[in-house]
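Please work from the sequences and hints to get the whole structure.
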Amino acid sequence: MKKLLIALMTTTAAVSLAASAEAADKLKACWVYTGPIGDFGYSYQHDQGRLEVEKALGDKVETAYLENVSEGPDADRAFERLAREGCKIIFGTSFGFMDPEVKVAKKFPKVMFEHATGYKTGDNLGIYNARFYEGRYVLGQIAAKESKAGVAGYIVSFPIPEVVMGINSFMLGAQSINPNFKAKIVWVNSWFDPGKEADAAKALFDQGADIIVQHTDSTAALQVAEERKLHGFGQSSDMIKFAPNAALTSLTDEWGPYYISRVQAALDGTWKPDNVWLGIKDGAVKLAPFTNMPDDVKAMAEATAKKIAGGWNPFTGPVAKQDGTPWLKDGEVADDGTLLGMNFYVKGVDDKLPQ
Amino acid sequence: MDITINILLTIATAATPLLIAAIGELVVERSGVLNLGVEGMMIMGAVGGFGASYLTGSPWIGLLAAIAMGAVFSLLFAVMTLSLATNQVATGLSLTLLGLGLSGMMGTSFVGQPGERLPNLEIPGLTSIPVVGRLLFGQDPIFYISIALTAAVMWFLFKTRTGLTLRSIGDSHTSAHALGIQVIRYRYLAVIFGGACAGLAGGHLSLVYTPQWVENMTAGRGWIALALVVFASWRPWRVLAGAYIFGAVWIGQLHAQAFGIPVPSQFLSSLPYLATVVVLVLISRNKRLTMMNTPASLGQPFVPDR
Chain A
1 MKKLLIALMT
11 TTAAVSLAAS
21 AEAADKLKAC
31 WVYTGPIGDF
41 GYSYQHDQGR
51 LEVEKALGDK
61 VETAYLENVS
71 EGPDADRAFE
81 RLAREGCKII
91 FGTSFGFMDP
101 EVKVAKKFPK
111 VMFEHATGYK
121 TGDNLGIYNA
131 RFYEGRYVLG
141 QIAAKESKAG
151 VAGYIVSFPI
161 PEVVMGINSF
171 MLGAQSINPN
181 FKAKIVWVNS
191 WFDPGKEADA
201 AKALFDQGAD
211 IIVQHTDSTA
221 ALQVAEERKL
231 HGFGQSSDMI
241 KFAPNAALTS
251 LTDEWGPYYI
261 SRVQAALDGT
271 WKPDNVWLGI
281 KDGAVKLAPF
291 TNMPDDVKAM
301 AEATAKKIAG
311 GWNPFTGPVA
321 KQDGTPWLKD
331 GEVADDGTLL
341 GMNFYVKGVD
351 DKLPQ
Chain B
1 MDITINILLT
11 IATAATPLLI
21 AAIGELVVER
31 SGVLNLGVEG
41 MMIMGAVGGF
51 GASYLTGSPW
61 IGLLAAIAMG
71 AVFSLLFAVM
81 TLSLATNQVA
91 TGLSLTLLGL
101 GLSGMMGTSF
111 VGQPGERLPN
121 LEIPGLTSIP
131 VVGRLLFGQD
141 PIFYISIALT
151 AAVMWFLFKT
161 RTGLTLRSIG
171 DSHTSAHALG
181 IQVIRYRYLA
191 VIFGGACAGL
201 AGGHLSLVYT
211 PQWVENMTAG
221 RGWIALALVV
231 FASWRPWRVL
241 AGAYIFGAVW
251 IGQLHAQAFG
261 IPVPSQFLSS
271 LPYLATVVVL
281 VLISRNKRLT
291 MMNTPASLGQ
301 PFVPDR
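Quick note, the sequences are listed as chains A and B, same order.
Here the numbering used here is used: the first residue of the first sequence is 1, the next is one more, and so on.
Here the numbering used here is used: the first residue of the second sequence is 1, the next is one more, and so on.
Derived by calculation from the structure, the hints in this document are not laboratory data.
Do not rely on the hints blindly, as some may be mistaken.
What the hints assert, rightly or not - Over 10 Å on every C-beta distance to chain A, these chain B residues come out as not near it, computed from the model:
| # | residue |
| --- | --- |
| 1 | Ser83 |
| 2 | Leu121 |
| 3 | Val303 |
Said to hold, decoys possible - Where chain B lies over chain A, by a calculated footprint (3+ residues, C-beta under 8 Å):
| # | region |
| --- | --- |
| 4 | 181–188 |
| 5 | 194–208 |
| 6 | 235–242 |
Backbone N, C-alpha and C fix where the C-beta goes; we use that ideal spot for every residue, glycine too.
Written as structure tokens, this is what we have:
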């Protein structure tokens, strides 16, 4: 429906051009989401960021968004339409928007573009990302403390570096507590399908896992954990309401502060394409309140989060690859380039990475 | 033993919405109407069911609301294609698009709200029987409805006079019309029945499968149901078989992954689709029988002489 509204707005763009002359001092900031804003997950959190911009900058800005934009030729059209409609700064929030944004950014050199989770930049195209793996290390430690079976079930979407990095970080965290900790991994090949995620959670619990982690977007897996009286972690937004007795914490994305700073820069005329990778210390990656765990585990989790915020990297050696070959020497820290292209597991992961 | 029962229960949950939506569509198509709007009616049922359950606090009212929502929404399709004789394919597709958009708009305030699950059946003495107790007497109510519905539709289509009339309309609406049968009225009822079933299937998703509302939560199940009807060559028991094969292979591959079987997960994920198509093609390879089962006037608009 919102799409329809925006389509209508496009057709009336010519008419509103005259009107926009008087509102010219208002900056138009626009967002493109790959999912519905009602997913209560990834796209929902980006949209919360947009709403924070509206709230913080008030009548200095005007915002618009397109949701459910598929990653492909459709995205080209979406970005081009927004640029033609007078958006001055456009945020593309999904990995698959990378090439379309590069293309459209070249066509509209006066428009400022920002792309989340990608690696291509341009004269008017900056990139931003969040270090979710930092939070996953903490989840790993909690899982190892709280799991009686010593086995976690891990539901994942697609074998992209972002996801592989998360699995590795989780395992390193878990192994720092229990060196024999195991994770069973199930790929559902979808970012968002509540039914499939629930089925995967049931399968993992049936096979002996007693704690569930996910890199998919819905609350379905946590609801299964609640039904079975076991535990799990929320993803993207705080999901405690769906599993008051099962949720240990949620790994949440907070894009608001970043969006406000970038739109403010655009207003001030100081915007430059940048390449930022925000973490726990920037407030972009947050852990929802620790619940349903003893105080000592909670204290440990808080201490680890603090240590990471202080600059410690979970990917600090010694770390070996899955086959046992050494990867990081003692004290060596993985560089960002390797992490962003990660296509291998660390030691102890019980799965074959789909290629 | 426990794990086997859990797997069987999970399979039943995965198969139920597909079965219900497909059985409804089967009746619609047997009457000669092709409604591609299953996905749209299903998602409307999901949002209607969740909404009513959330607002009243009763998942049972939600269940009724889901059925009503699907039926009302299908009425839109019926008026367009039957009374105004629009193109069925185009109208069905737009019904799906409309349903996905409209449900998203209606559901805005339900996002992020946990829902109440429709309780499982609990018969003292029977549910606690080891092994078969939970399978036969301990599932969610919609599971029993789905099985009863399949049996009822089988009986209705092939054992009753009205069912025979419905099938004859699907085979040749002009002949049926010439015999004095009220083609349009039959088709209206069939389409509304299909809509009610799709709505119920959607209600299963938002009240049993995953008790919550999120946009696009049907995630393509309406399309799978549509495909099941064709591959099952319009026979109810084959739709049942197809839905359960799909569910079984889908759950099986998840267990295979969790077990650590070294087969690429992309292949495993495509397996349910592949297996269902192969099996249904095999059981319906008798060409003559398939031809006989295909409603001959499927998808053709009917405009009675005035």
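Results for each hint:
Every beta carbon of chain A lies more than 10 Å from that of Ser83 of chain B, the smallest distance being close to 26 Å; the non-interface claim holds. The beta carbon of Leu121 of chain B sits about 16 Å from the closest Cβ of chain A, which is more than 10 Å, so the claim that it is off the interface holds. Its beta-carbon lying about 31 Å from the closest one in chain A, Val303 of chain B satisfies the requirement of being farther than 10 Å from that chain. Requiring three or more residues with a Cβ within less than 8 Å of a Cβ of chain B, the coverage given for the region 181–188 of chain A holds, as 5 such residues are present.
With a cut-off of 8 Å between beta carbons, the region 194–208 of chain A has 12 residues touching chain B; three or more are needed, and the interface restraint holds. Evaluation of the coverage hint for the region 235–242 of chain A: fulfilled, as 3 residues show C-beta separations to chain B shorter than 8 Å, against a requirement of three.
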